[in-house]
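**Q** So the sequence lines, in the order shown, correspond to chains A and B.
Position one of the first sequence corresponds to residue 20 (the working numbering), numbered consecutively onward.
Position one of the second sequence corresponds to residue 762 (the working numbering), numbered consecutively onward.
Among these hints, one or two may not hold up.
What the hints assert, rightly or not - Straight-line C-alpha distance at most 30 Å; calculated BS3-like pairs for lysine-lysine:
1) B:Lys820 <-> B:Lys969
2) B:Lys992 <-> B:Lys969
3) B:Lys1071 <-> B:Lys969
4) B:Lys907 <-> A:Lys285
5) A:Lys244 <-> A:Lys233
6) B:Lys1403 <-> B:Lys1390
7) A:Lys95 <-> A:Lys244
8) B:Lys1367 <-> B:Lys1390
9) A:Lys221 <-> B:Lys1164
10) B:Lys839 <-> B:Lys858
11) B:Lys820 <-> B:Lys839
12) B:Lys1098 <-> B:Lys1071
13) A:Lys233 <-> B:Lys1164
14) A:Lys108 <-> B:Lys907
15) B:Lys1347 <-> B:Lys1390
16) A:Lys285 <-> B:Lys1164
17) B:Lys992 <-> B:Lys1053
18) B:Lys1098 <-> A:Lys221
19) B:Lys1116 <-> A:Lys233
20) A:Lys95 <-> A:Lys285
21) A:Lys221 <-> A:Lys285
22) B:Lys1116 <-> A:Lys285
23) B:Lys1116 <-> B:Lys1267
24) B:Lys1403 <-> B:Lys1367
25) A:Lys108 <-> B:Lys969
26) B:Lys1071 <-> B:Lys992
27) B:Lys1347 <-> B:Lys1116
28) B:Lys1164 <-> A:Lys95
29) B:Lys1102 <-> B:Lys1116
30) B:Lys1116 <-> B:Lys1053
31) B:Lys1281 <-> B:Lys1354
32) A:Lys95 <-> B:Lys1098
33) A:Lys221 <-> A:Lys95
Don't read these hints as lab results, they were simulated from the structure.
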Amino acid sequence: MDVQSFQELILRLQTFWAERGCVVQQPYDLEVGAGTMHPDTFLRVLGPEPWNAAYVQPSRRPADARYGENPFRLGKHYQLQVILKPSPKDVQAVYIDSLRALGIDLEIHDLRFEEDNWEAPTLGAWGVGWQVMLDGMEITQFTYFQQAGGIELEPISAEITYGLERITMFLGLSRSVYDIEWVPGGVDYGLVRHQDEVEFSKYYFEVADVEFLKQRFDGHEAEAKRCLEAGLVLPAYECALKCSHLFNVMDARGAVSVTERVALIKRVRNLSVACAHEYVASRERLGFPLLAKPRESGLGEVAQNARD
Amino acid sequence: MPGTEFLLEVRCEEIPARMLQPAIQELATRLFEELMALNLAPSEMETGFTPRRLILMLKGLDSQERDRDEELIGPPVKAAFDGEGRPTRAAEGFARKCGVEVGALQRLETDKGEYLAATRRVVGRPVSEVLAQVVPPIVEGLSWAKTMRWGVGEGPWVRPIHGLVALCDGEVVPCSVFDVQSSNETCGHLVLSPRSFAVRNIADYRRKIARRQIVMRFEERRQRLQDQLEKAAEVLGGGLVRDPELLDRLTAICEIPGIVVGRFDPAFLSLPREVLITSLRDHQSALMLESKGMLLPNFITVMDRPDDPKGRVQAGNEWVVAARLEDARFFFNEDRKTSLKQRRQRLDSLTFHAKLGSYAEKTRRITELTEEICESLGWRHEVEEAITASGLLKVDLTSEMVKEFTSLQGIVGGLYAEREEYPTAVWQAIYDQYLPASTEDSMPRGRVGQATALADRIDTLVGMFGLGLIPSGSRDPFGLRRAGQGVIRIVLEAELPLDLDLIAGKSVLLYGDLLDRSGKEILADLRAFLQDRVRHLLGLRGYAYDTIEAALAVGSSNLPELLARVDAVHTVREEPDFLSVVLAAKRIANILKEAPDHDLEDAVLKEPAEQDLHSAAEALRADIDRAEKRGDYETCLRDIAKLSEPLERFFVEVLVMDENRELRNNRIALLQRIQRMISRTARLTEVVVDKSEHRDRGESKSTG
C-alpha cells in the first residue's frame, strides 16, 4: 500500500535509512534554502571522514512563496536529505529499495533517471547526477558531489533529496498541496501550514525592511569573519547561512539589482569557501575522529545492509 | 570459417541522453582502429546502447595475431667492432637481446652509415590477449562532455560503472575498467528484471536481452517508438507534430521502448500553439498531435517499460502535464495584463550587458540602426513598421512566459503583438527576430523582419567587439558566431545590396563612448570575423576555399556582389584558358613583386609577342569594363581568359628582365597594366591549380 500521508512518508524514509546505518539527524535550527546547506551535508562531505546521515530539512525559498494560493509552489517546503559518504557502489539500487519501502509498486510505474547536474554558486559547490522521474514527475534529486566550498572532494558523497510534498501529492494524485493529509485520516497540510505560507509571503514581498536586512547581512558577514579568525568554524558557518537566507529575502523583496546580486552572491560564496577550508583544517586538528571507528558507529555499512 | 567473435558490454548508471550517440561511436571507432593497426580488423561490427549500457559486437576476427618478423637495429658497425675486428660490448649486448650469436647478425645500410641488425620472429598473440590489453584504456579514455568521480575517487567517467562483459568465443577476456572486473554476467532492466544472468556468446546475449524486452539497438528502438506513436496518433484521429530531435532524445532514455498517451483539459487549447508545444516538450518530453492544423488535447511520451498495466503511468503524466499547463496559463494571463507598450519601461532595469547598458538603451540603438538600414536599401514603405517593430523587439524579455521558456524569446513577443493587433509585418518581425538560428534554419519573413534582425545582431556584435569580447577557439559565450552567421545569411539570401561596413560604422557611433576600443579596430576585427562567416557559409554551399578567397580578396562588404563573383570563378575555373591565365597571373605577381610603377609607352614595345599582348588586352578592356559594371563577372573572366594565348606566347618569346633598362621598365609597365586588368573581378593568384596536370598541357601546346 502506498504511503498516504505526509508524516507517514517521513517516518518510513527515516526508518528505511536508519536501518541502513544512517545517523538520523534533525533539521538544522536555522533558515536554509535546501538540505544541502545543513552542516551535516555541506561540511561533512569535505575531507576524508566517512559519513552517512538522513534528516528532514524545512527549506525556505522566499521567491517561490505564493500567499498560499498556488497549489504547487511554496515559500517553505520539506526535503528528506540523505548523504552517503563514500557513495556506496549500489546506492542506486538502495534508493530504489527506499521507494519500494514507501509502498510504491514499481511493477506498475515508470522510473527514469534523467541527467540533471547541480550547482550552488553560493556554496562553491557542484555535482553530477539526475532528477529521478516517476511517471514523468520529478520526485528526487540524486547527486554525486564533486566539489564543495571550492574544494575537490574525495571520497565522493552521494546525496539523495526527496521532495516530500511532491511525493505525497503525487502518490495521492492530489490537486493541491494543501489537501494532502499530514496525519493519516486527520489534519491536512493546509491546516498545519497555510497561515505560515500566507504570512511569510506577505513578509517576504511587502513588509520585510530592506535596510534592516542589509544591516543584518553586513553584521553576520562581519561576525562570520570574526569567528573564523577565532578558529570557530561552526558558528562562522551559521553566520554564512544567515547571510544566504537574508540575501534570498532581499531578492524576493525585489531589493537587489543585477550588479548587487552578483556582488552579494560572491560575498556569501567567499564565506562558504572560507568555512569549508577551515572545517577541513579543524577536523584535521582533531585527527579526523570519524576515520577511526567506522565499524562501531555503523558507518560504511549501507551497502551491506541493503543487500540483506 | 566464421572466425572469432567478441562481445563487449559496459554497464553503468544512466548516461545522459545527449552523450550516448557520440560515446558509442567513439568506442567503436577507436577499437576498430586499434585492431586495424594490428591487422586484426573484424569482418563485422555492430553497436548498441541504452542509457545503462554500451555494447559492441565484433565478428570474423582472426583468433590470433599473425606471426611476423620484426627488424631490430643495433649499434653502428663502427662501434660494434674494435680495431682488431673483435665484437665490442655493444655488439655482444645486442646479439644477446636478439637471442643470436654476433656472427649471425646482419648489416644494414642506412643514411647514417652501416648498422648491425637482426630479424626476430614474433609469435602472434591470441586475439583475446590483445583485446584484454586494448579495450580497458579505450573504455576508460572515452571523451565525455562532463565527467565525475564516485566512491573513494573512482573514475573519472561519465557515471559509475557496474559491469563489464568481455567475451571472446565464450571465454571471459580477463581485464578491468577502473575497479570493475570483466565477467560473463550482466543484468536486465533496472526495475523490471534487475537480476544478474550469465551469457555465453553474442547470440545468447541477444536472446537473453530480448527476452527482457530490452531493445539494444538505437535505430530499432526508434523505429518501434515511431510505429507505436503513429498507431496511437491514428487512433486519436490526428498526426504527430514532427520533432525528430525529441524522438531521438526519447529513444535515448529508455531500454524498453514503450509509449504513454495522455489527455489534458481542452480548455488549455486556448493557449498559443507554440507555448503548448514548448511546455510539453521542455517539461514533459512529450509530443503533441494535430489534425487539420489544430492541436488535439492529447500528448504522447515515452516510458521505459512495455505497458501501463494499472494506468498509473498515464495518470501520473497527466497530473504533471495539468500542473505544467496551469502554470503556462497563469504566465500567459499575467503577461497579457500589461501591454507591450507599457512593458517597454521595464527594459530600463533589464541589463543587456553591464558595460553596454540596459535593453532600453539597446532598443534605442536598434531603432536608429533599423532606420539606417531601411534608408540605405531604399525601403521607404517599410521604414515606419520597422521602427515600430524594433521598439518592441526585446520587450518579451520582461514576460513571465519567456522567463519560464527562454527558447520562446521573440516568439512570445510576436504572439503578444499579434494579439494586440499590430500590423502583420510588425508582429512577424518580432516573432522571427532570432531567425536564422542555424545554417539550415528559415529566414525572417519580409523586409521589416530582415531589417530589425540585422540591426539587433549588428548592435550586439559591435558592442561586444567594442569591449574586446571576440570569440576565440571554442569560446563564444555571447553566441556571436551565430549572430554573425545570421547577418551573413540574411544579406546573402535576401540579396541585400547592403554595405555592412557602413552599418557597423553607424552602430559604433550609436554606442557613443561606451566602447573600450576605437571604431577603426572594431570595424577591422568585425570585417575579418564576418569574412570568416562568409567563408564558412560559402564553403557549406560547396564552393572551393580558393574560389572564395579569390573573390573575397577584391572586397566583401557588398555580399550579393561577392556571391556573384564567387559563382563566376566557380563556373569558369576548370576551363583550360582560364587556368592558363591564372598561372600567368601568378608568374606576373612574382615578377612584379617589388617593382615600382612604370608608365607604358606603346612605341617601346619591340617584340611582336608583347605588341600582340598589349593590343589583345586593349581590345578587351571596354568589354570587361562594361561587364564588371553590370555585375556580369562570368563574362569578365571569360574575356580575361582570352588573353591565355598572347600571355603564353609573351612568356615564351619575351624576356621581361632585359638588360636594356628602357625595354625592361616598359615590359614591367605592360605587365602591371595586365595585372590590374585581370585581377579586378577576382584575385586570380588565389586560385590553386593542379600544376602537374596543367604543365603537361602547357608544354604540349608550346611544342605543338
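**Q** Would you mind marking each hint as holding or not holding in the structure?
**A** Hints, verified against the model:
For the hint linking lysine 820 of chain B to lysine 969 of chain B, the alpha-carbon distance of about 19 Å falls within 30 Å, and the restraint holds. Using a Cα cut-off of 30 Å, the hinted pair lysine 992 of chain B and lysine 969 of chain B holds, with the two alpha carbons roughly 28 Å apart. At roughly 27 Å between alpha-carbon atoms, lysine 1071 of chain B and lysine 969 of chain B fall within 30 Å of each other, so this suggested pair holds. A C-alpha spacing of about 25 Å is found between lysine 907 of chain B and lysine 285 of chain A, which places the hinted pair at or below 30 Å, so the restraint holds.
Restraint check: the Cα-Cα separation between lysine 244 of chain A and lysine 233 of chain A comes to about 17 Å, which is no more than 30 Å; the hinted pair holds. About 19 Å separates the Cα atoms of lysine 1403 of chain B and lysine 1390 of chain B, which keeps this hinted pair within 30 Å; it holds. For the suggested pair lysine 95 of chain A and lysine 244 of chain A, the alpha carbons sit about 29 Å apart, so the restraint of at most 30 Å is met. For the hint pairing lysine 1367 of chain B with lysine 1390 of chain B, the CA-to-CA distance comes to about 34 Å; that exceeds 30 Å, so the pair is violated.
Between lysine 221 of chain A and lysine 1164 of chain B the alpha-carbon distance is near 23 Å, which keeps this suggested pair within the 30 Å criterion. A hinted pair counts as satisfied when its Cα atoms are at most 30 Å apart, and lysine 839 of chain B with lysine 858 of chain B qualifies at roughly 19 Å. Proximity of lysine 820 of chain B to lysine 839 of chain B is assessed by CA-CA distance (about 51 Å); at most 30 Å being required, the pair is judged violated. For the hint pairing lysine 1098 of chain B with lysine 1071 of chain B, the CA-to-CA distance comes to about 43 Å; that exceeds 30 Å, so the pair is violated.
Distance restraint check for lysine 233 of chain A and lysine 1164 of chain B: the Cα-Cα separation of roughly 27 Å lies within the 30 Å cut-off, and the hinted pair is therefore satisfied. Taken as a hint, the lysine 108 of chain A and lysine 907 of chain B pair is honoured in the structure, with Cα atoms around 20 Å apart against an allowance of 30 Å. Between the alpha carbons of lysine 1347 of chain B and lysine 1390 of chain B the distance comes to roughly 25 Å, so the proposed pair stays at or under 30 Å and holds. Between lysine 285 of chain A and lysine 1164 of chain B the CA atoms are separated by roughly 23 Å; this keeps the pair inside 30 Å, and the hint holds.
Distance check on the hinted pair: lysine 992 of chain B and lysine 1053 of chain B sit about 18 Å apart at the alpha-carbon level, within 30 Å; holds. At roughly 22 Å between alpha-carbon atoms, lysine 1098 of chain B and lysine 221 of chain A fall within 30 Å of each other, so this suggested pair holds. As the CA atoms of lysine 1116 of chain B and lysine 233 of chain A are separated by approximately 26 Å, the hinted pair is consistent with the 30 Å bound. For the hint pairing lysine 95 of chain A with lysine 285 of chain A, the CA-to-CA distance comes to about 24 Å; that is within 30 Å, so the pair holds.
At roughly 28 Å between alpha-carbon atoms, lysine 221 of chain A and lysine 285 of chain A fall within 30 Å of each other, so this suggested pair holds. Using a Cα cut-off of 30 Å, the hinted pair lysine 1116 of chain B and lysine 285 of chain A holds, with the two alpha carbons roughly 19 Å apart. Using a Cα cut-off of 30 Å, the hinted pair lysine 1116 of chain B and lysine 1267 of chain B holds, with the two alpha carbons roughly 19 Å apart. A distance of roughly 22 Å separates the Cα atoms of lysine 1403 of chain B and lysine 1367 of chain B; the hinted pair therefore holds under the 30 Å criterion.
The straight-line distance between the Cα atoms of lysine 108 of chain A and lysine 969 of chain B is roughly 25 Å, inside the 30 Å bound, and the hint therefore holds. Taking the CA atoms of lysine 1071 of chain B and lysine 992 of chain B, the gap is near 21 Å; set against the 30 Å cutoff, the hint holds. Between lysine 1347 of chain B and lysine 1116 of chain B the alpha-carbon distance is near 48 Å, which puts this suggested pair outside the 30 Å criterion. Using a Cα cut-off of 30 Å, the hinted pair lysine 1164 of chain B and lysine 95 of chain A holds, with the two alpha carbons roughly 22 Å apart.
Distance hint between lysine 1102 of chain B and lysine 1116 of chain B is fulfilled; the C-alpha atoms sit about 26 Å from each other, no more than 30 Å. For the hint pairing lysine 1116 of chain B with lysine 1053 of chain B, the CA-to-CA distance comes to about 49 Å; that exceeds 30 Å, so the pair is violated. The hinted pair formed by lysine 1281 of chain B and lysine 1354 of chain B meets the criterion: a straight-line CA distance of about 29 Å does not exceed 30 Å. For the hint pairing lysine 95 of chain A with lysine 1098 of chain B, the CA-to-CA distance comes to about 28 Å; that is within 30 Å, so the pair holds.
Between the alpha carbons of lysine 221 of chain A and lysine 95 of chain A the distance comes to roughly 13 Å, so the proposed pair stays at or under 30 Å and holds.
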